[in-house]
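Peer 1: If you read the sequences in order, they're chains E and D.
Note that the first sequence covers residues 1 to 256 in my numbering.
Note that the second sequence covers residues 1 to 250 in my numbering.
Everything labelled a hint here was simulated from the structure, so no lab data went into it.
In this text, a Cβ means the ideal position worked out from N, Cα and C, and glycines have one as well.
Be aware that a few hints might be false.
Claimed, not checked - With beta-carbon atoms standing in for the labels, derived distance ranges: (1) Ile234(D) x Glu116(E): 42 to 48 Å; (2) Met108(E) x Ser146(D): 25 to 31 Å; (3) Ser43(E) x Ile234(D): 50 to 56 Å; (4) Ala185(E) x Val187(D): 54 to 60 Å; (5) Glu116(E) x Ser203(D): 57 to 63 Å.
As the list claims (entries may be wrong) - Covered, in the sense of this in silico footprint (three residues per stretch, anywhere, with C-beta under 8 Å from a C-beta of chain E), are these stretches of chain D: (6) 40 to 50; (7) 139 to 152; (8) 155 to 161.
What the hints assert, rightly or not - Result set (DSBU-like, lysine-lysine): computed pairs, CA atoms no more than 35 Å apart in a straight line: (9) Lys246(E) x Lys8(E); (10) Lys246(E) x Lys183(D); (11) Lys183(D) x Lys153(D); (12) Lys8(E) x Lys183(D); (13) Lys109(E) x Lys8(E).
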Amino acid sequence: MRQDTRVKLEIAGVGHSYGDLRTLSSLTLAGEAHEVIGLVGPSGCGKSTLLELICGLQEPTEGTIAIDGGSAAEARLDRCALMPQRDLLLPWYPAIDNAALALRNQGMKRAEARAEAAALFDRFGLGGFEAARPAELSGGMRQRVAFLRTLIAGKPVLALDEPFASLDAITRAEMQEWLAAALRADPRTTVLVTHDVEEALYLCDRVAVMSARPGQIVAELSAPHPRAEDRDGAVTDPEFVSAREKALRVLREGLR
Amino acid sequence: MRRWLLPMALIALLLGLWQIACSTGAIADALSLEDYLVPSPTEIATALWENRGLLAENAWVTLREILFGIAAALVVGVGFAVFMHRWQVLRDAAYPLVVASQTIPIVVISPILVVWFGYGLTAKIVIVALICFFPITVNTLDGLRSVDPESVKMMRSLGASPWQRFWRAEAPAALPSLFTGVKIAVVVAPIGAVFAEWSGSSSGLGHLIQSDTAYYLVARQFATVVVLSALALILIGLVALAERRVVTWR
Chain E
1 MRQDTRVKLE IAGVGHSYGD LRTLSSLTLA GEAHEVIGLV GPSGCGKSTL LELICGLQEP
61 TEGTIAIDGG SAAEARLDRC ALMPQRDLLL PWYPAIDNAA LALRNQGMKR AEARAEAAAL
121 FDRFGLGGFE AARPAELSGG MRQRVAFLRT LIAGKPVLAL DEPFASLDAI TRAEMQEWLA
181 AALRADPRTT VLVTHDVEEA LYLCDRVAVM SARPGQIVAE LSAPHPRAED RDGAVTDPEF
241 VSAREKALRV LREGLR
Chain D
1 MRRWLLPMAL IALLLGLWQI ACSTGAIADA LSLEDYLVPS PTEIATALWE NRGLLAENAW
61 VTLREILFGI AAALVVGVGF AVFMHRWQVL RDAAYPLVVA SQTIPIVVIS PILVVWFGYG
121 LTAKIVIVAL ICFFPITVNT LDGLRSVDPE SVKMMRSLGA SPWQRFWRAE APAALPSLFT
181 GVKIAVVVAP IGAVFAEWSG SSSGLGHLIQ SDTAYYLVAR QFATVVVLSA LALILIGLVA
241 LAERRVVTWR
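Between the sequences and the hints, there should be enough to build the whole structure, so can you do that?
Peer 2: Take a look at the structure:
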């Protein structure tokens, strides 16, 4: 069930607490349709919590989060797909069934769901690995299956939680290029949480810098060359380098 | 090779020592017993062969009690574990009872159960099921609870209903633990079956051991014990084989 992907994301005055622990405070952020927003910030500043709120897995203590105008948790759950930090592929299913999980959850027959997922395997550099078990895949491939699983759900908003944090530097750079291409081909309104300022500036249109807990947005920077085909060129461009320096400066200030 | 050879060598050594101790009369003398009360391995082997028909007949009776009992424990135990997993209230209320149920010695209640359910198969099934219920239930519940909470969030975000989460994520994750429970059950089930037969029966390996006591047929009693152990070992082997077939991702 593919939904129209041109939807806006509006986060207004959101606060959140786990008991006495205040995780987010009057956080406001808006995303245009098909915009990719990066969230960077110190560890424990509530980035992952914010993603869970966006996805409708939790409700904010204060404020509202609306996707395409719908602010109920069910509406968000229905319109946003979460890609967690670890790939969390189910080890008992082959890659193809992991990718097709959302389709099966929608009630699609196994053969039909597999056919739909298989059509995307080549494009995701996974051709020939349909029947492989997760344990037989490399880290990069596992992340690609996990991303495909998120994308195939057909939801207009993607919430990506440090998708490449567990990968080595080279695979990570490759995966960034790959994700950039995937989002160029199939654009979605996306929120990407990362620790890596360079990754955020390369993959996103705009990067929001969060303060330490309780997290709020302390700066928003626009990226000079979002998802450029030539990644190496883009990240060494002086404009990019100065944006990165600026982001790091804001991050450091936010920590004080 | 080494895995098999070393235990085999040890068994051979122990049997050899036993044989020598019997043929010299050392054990019988030490315990001040008649020689026929301390059968040697060869005498036990002879008893095993000569009574093969009788042993097979009774082994079948006991095996049926074991299998039906384990099957009943599986149905009730897995069902109970699933309900306790789904409903926190039920788990909080019932878990202490499940643990407490294990503290009741089966020897003590099996005569009562025989009074209730009679001398037939039913009482045996109930007793074997009771002894198997705990390892199956507790292990299955632990397995269900071992699911990564992040996986549950991921499944929710991908639109999974509670039952889809159960069948696609939780149940498969619990399978290895379930098999652990069944392996323990298979080991304790013959004990339950023997106690059940001692509490009142007219056939089965436990019954045979008991009735042979009256005639001092010690060699045949040992032969019966061998058959009982072999039964348990075969069952463990079958469960391990099934586990390898089913849990292919480990």
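Peer 1: Now look at each hint and say whether the structure bears it out.
Peer 2: Outcome of the hint check:
no. : hint                              : in the structure
1   : Ile234(D) x Glu116(E): 42 to 48 Å : 46 Å, holds
2   : Met108(E) x Ser146(D): 25 to 31 Å : 29 Å, holds
3   : Ser43(E) x Ile234(D): 50 to 56 Å  : 54 Å, holds
4   : Ala185(E) x Val187(D): 54 to 60 Å : 57 Å, holds
5   : Glu116(E) x Ser203(D): 57 to 63 Å : 59 Å, holds
6   : 40 to 50                          : violated (count 0)
7   : 139 to 152                        : holds (count 3)
8   : 155 to 161                        : holds (count 7)
9   : Lys246(E) x Lys8(E)               : 27 Å, holds
10  : Lys246(E) x Lys183(D)             : 61 Å, violated
11  : Lys183(D) x Lys153(D)             : 32 Å, holds
12  : Lys8(E) x Lys183(D)               : 54 Å, violated
13  : Lys109(E) x Lys8(E)               : 32 Å, holds
Violated hints for the displayed structure, listed by number in ascending order: 6, 10, 12.
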